[in-house]
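Make a model of the complete structure from these sequences and hints.
The residues making up each chain are set out below.
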Amino acid sequence: MYSRGYKAAVAIPPLAWVMAFLLIPYALLLCYSFWMVNEGQIVRHWNLANYRELVHQPLYVAVLFRSMRIAAMVTALTLILGYPLAYYLSIIGHPRKDLLYQLVIIPLWVSYLVRAYAWKTILGTAGVLNTLLQYLHVTSQPMGFLLYSPFAVVVTLTHIYTPFAFLPIYASLEHIPRNLIEASHDLGASRFKTFWRVVFPLSLPGVFAGGTFAFVLSLGDFLAPLLVGGPSGIMISNIVQNQFGVADNRPLGAAISLCMLVLIVGILSATERLEKRWGRV
Amino acid sequence: MRSNLQRGGGWLTVHAVLLYAFLYLPIAVLILYSFNSEGVGGFPPHDLTLSWYRTLGGDDAIWSSVLNSLLVALASVSLALGFGMPAALALDRATFPGKTLFRRLVLLPLILPGIITGLSLLMLFATAGMKLSLMTIMLGHGTALISVATTEIFAGLQTFDRRQEEASLDLGANYWQTFWRITLPNLRLPMIGAALLIFTLSMDEIAVSFFLIGRDNTLPLEIWSRLRRGITPEINAISTIIFVFSLIMILLWYRLRLRMESKEIARELISAV
Chain E
1 MYSRGYKAAV AIPPLAWVMA FLLIPYALLL CYSFWMVNEG QIVRHWNLAN
51 YRELVHQPLY VAVLFRSMRI AAMVTALTLI LGYPLAYYLS IIGHPRKDLL
101 YQLVIIPLWV SYLVRAYAWK TILGTAGVLN TLLQYLHVTS QPMGFLLYSP
151 FAVVVTLTHI YTPFAFLPIY ASLEHIPRNL IEASHDLGAS RFKTFWRVVF
201 PLSLPGVFAG GTFAFVLSLG DFLAPLLVGG PSGIMISNIV QNQFGVADNR
251 PLGAAISLCM LVLIVGILSA TERLEKRWGR V
Chain S
1001 MRSNLQRGGG WLTVHAVLLY AFLYLPIAVL ILYSFNSEGV GGFPPHDLTL
1051 SWYRTLGGDD AIWSSVLNSL LVALASVSLA LGFGMPAALA LDRATFPGKT
1101 LFRRLVLLPL ILPGIITGLS LLMLFATAGM KLSLMTIMLG HGTALISVAT
1151 TEIFAGLQTF DRRQEEASLD LGANYWQTFW RITLPNLRLP MIGAALLIFT
1201 LSMDEIAVSF FLIGRDNTLP LEIWSRLRRG ITPEINAIST IIFVFSLIMI
1251 LLWYRLRLRM ESKEIARELI SAV
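If you read the sequences in order, they're chains E and S. Going by this note's numbering, the first residue of the first sequence is number 1, and it counts up by one from there. Going by this note's numbering, the first residue of the second sequence is number 1001, and it counts up by one from there.
Think of the hints as simulated: they come from the structure by calculation, not from any bench. Fair warning: there could be bad hints in the mix.
Said to hold, decoys possible - Here are the computed lysine-lysine pairs in the DSS-like style, where the Cα-Cα straight-line distance is at most 30 Å:
id: 1; chain 1: E; residue 1: K193; chain 2: E; residue 2: K276
id: 2; chain 1: S; residue 1: K1131; chain 2: E; residue 2: K7
id: 3; chain 1: E; residue 1: K276; chain 2: S; residue 2: K1099
id: 4; chain 1: E; residue 1: K193; chain 2: E; residue 2: K97
As the list claims (entries may be wrong) - Covered, in the sense of this in silico footprint (three residues per stretch, anywhere, with C-beta under 8 Å from a C-beta of chain S), are these stretches of chain E:
id: 5; region: 26-36
id: 6; region: 55-68
id: 7; region: 111-124
id: 8; region: 159-168
id: 9; region: 213-227
Don't be surprised by glycine CBs; every beta carbon is placed ideally from N, CA and C.
The structure is reproduced here in structure tokens:
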């Protein structure tokens, strides 16, 4: 029913935007990654030196692995925290479930930066937690490992991404036909067996979606590590950001961010495939 | 069956209480210490005061950054809706070569860490010789947030009855009139929802802005530059004000939606009679 003109009119402006502000910038990122820098000037001399440095310099590989470890821990924690709450609200049901659902979302309205900063004021040696513990005579000295450590990064990122993991899980639990659960009970399955054989498999698309969000976003985070991570909590994006700042080596930064982009797109298509496989039960 | 399901809810209740505590602890600390005379941290807080709010009132740099952020947010909403709306219509209705790639690219910034969107755009602006300014941040936010507008409006289109448009076209209206009189009014709710979401996300955005900033700071970047110099409860104060403001926005949105939904229900009831 829609004419060619109509289709062209709705398709062309967004296509042009995507071309100009997504496709071309990614292509430029790719070009830059094969260039080099000489005395602060970009030299358009095509070579593989940046990628070679990435592989040979142990620092980059180590930081990449640390970032993936931190992201994996954050993902596991957000799922462990988010799933039971989603199950509680959706499957068991709570009289105030809409309100409780909103209460998970409201923290998202507090600036990301401000929440990371709040954790800094909580975890510091003169921070709220340490002074509280000393006030209560639980500890006599401030615990230094709380702030400027990978621990602090994991706590902060878990706090930020738990709602992101919760939302898709909750949505997928809400979509489960309730008569399937009833049927499982009527046929004599225990509560655990019903969960394991009926509810959990049907909620997997939500788990994959939430887990992907948490993993990918925390993998690329650079502000939380800067605020609460300290030297031992540096992540891969900090190295990228450094190449665009102090180190002033944009081509190398472009090469690292391109590797991140490829890694992330790989993860996205893998989880999409998993979602499709588990989504139809 | 209900009793069977609800047994064992005890552990889950405990878990829920602890999780809410975890989610709200930083916010509570943030608000509480905005009234603390002796800086951030240190338990118990004492000598509660409003002096940080007074300092904030006279802080011109913060308020000009708030103004910048509002400008950027308004521009982002217009850009994201202006391009996200046709993008959603195109995904819903048109077939063209590369549509799958187009869908993936439009939605990619939604899930991509901001640093990649920010850097790739920085490469673009550097290559094009564009000076970094609030303008480049607007383009960055627009690019990152078109995905939000597209998903919200696309979802709205899925429940939209195309026969209304068909009727309008059959009765002699052209596409343009049909769009303004039928399509747009029907998508009012997802559009308002998307606009509010984009506005808030833009106000809070820092990863993309971080790389595209010129001379003028947005609020998150102004806060960021102060955090590096040392922390004062003034930051808690401005954050508290913005939190309260956001809460009011959420409440307004719910009331609006409730009213609209009840109106729509009423209309359906009338047509059913």
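The hints, checked one at a time:
1. Between K193 of chain E and K276 of chain E, the direct Cα distance comes to roughly 24 Å. Compliance with the 30 Å bound is thereby established for this hinted pair.
2. The hinted pair formed by K1131 of chain S and K7 of chain E fails the criterion: a straight-line CA distance of about 35 Å is larger than 30 Å.
3. For the hint pairing K276 of chain E with K1099 of chain S, the CA-to-CA distance comes to about 20 Å; that is within 30 Å, so the pair holds.
4. The straight-line distance between the Cα atoms of K193 of chain E and K97 of chain E is roughly 25 Å, inside the 30 Å bound, and the hint therefore holds.
5. Coverage of a stretch by a chain is defined here by at least three residues with a beta carbon nearer than 8 Å to that chain's beta carbons; for the region 26-36 of chain E and chain S the count is 4, and the condition holds.
6. Closer than 8 Å: that is the beta-carbon criterion, and the region 55-68 of chain E has 0 residues meeting it against chain S, so the requirement of 3 is violated.
7. With 12 residues carrying a beta carbon less than 8 Å from a beta carbon of chain S, the region 111-124 of chain E meets the three-residue requirement, and the given coverage holds.
8. Only when three residues or more bring their CB closer than 8 Å to a CB of chain S does the claim for the region 159-168 of chain E stand; here the count is 3, and the claim holds.
9. For the region 213-227 of chain E, the assignment as covered by chain S holds, since 9 residues bring a beta-carbon within under 8 Å of that chain's beta-carbons and 3 suffice.
Hints 2, 6 from the list above are not met by this structure, while the remaining hints are.
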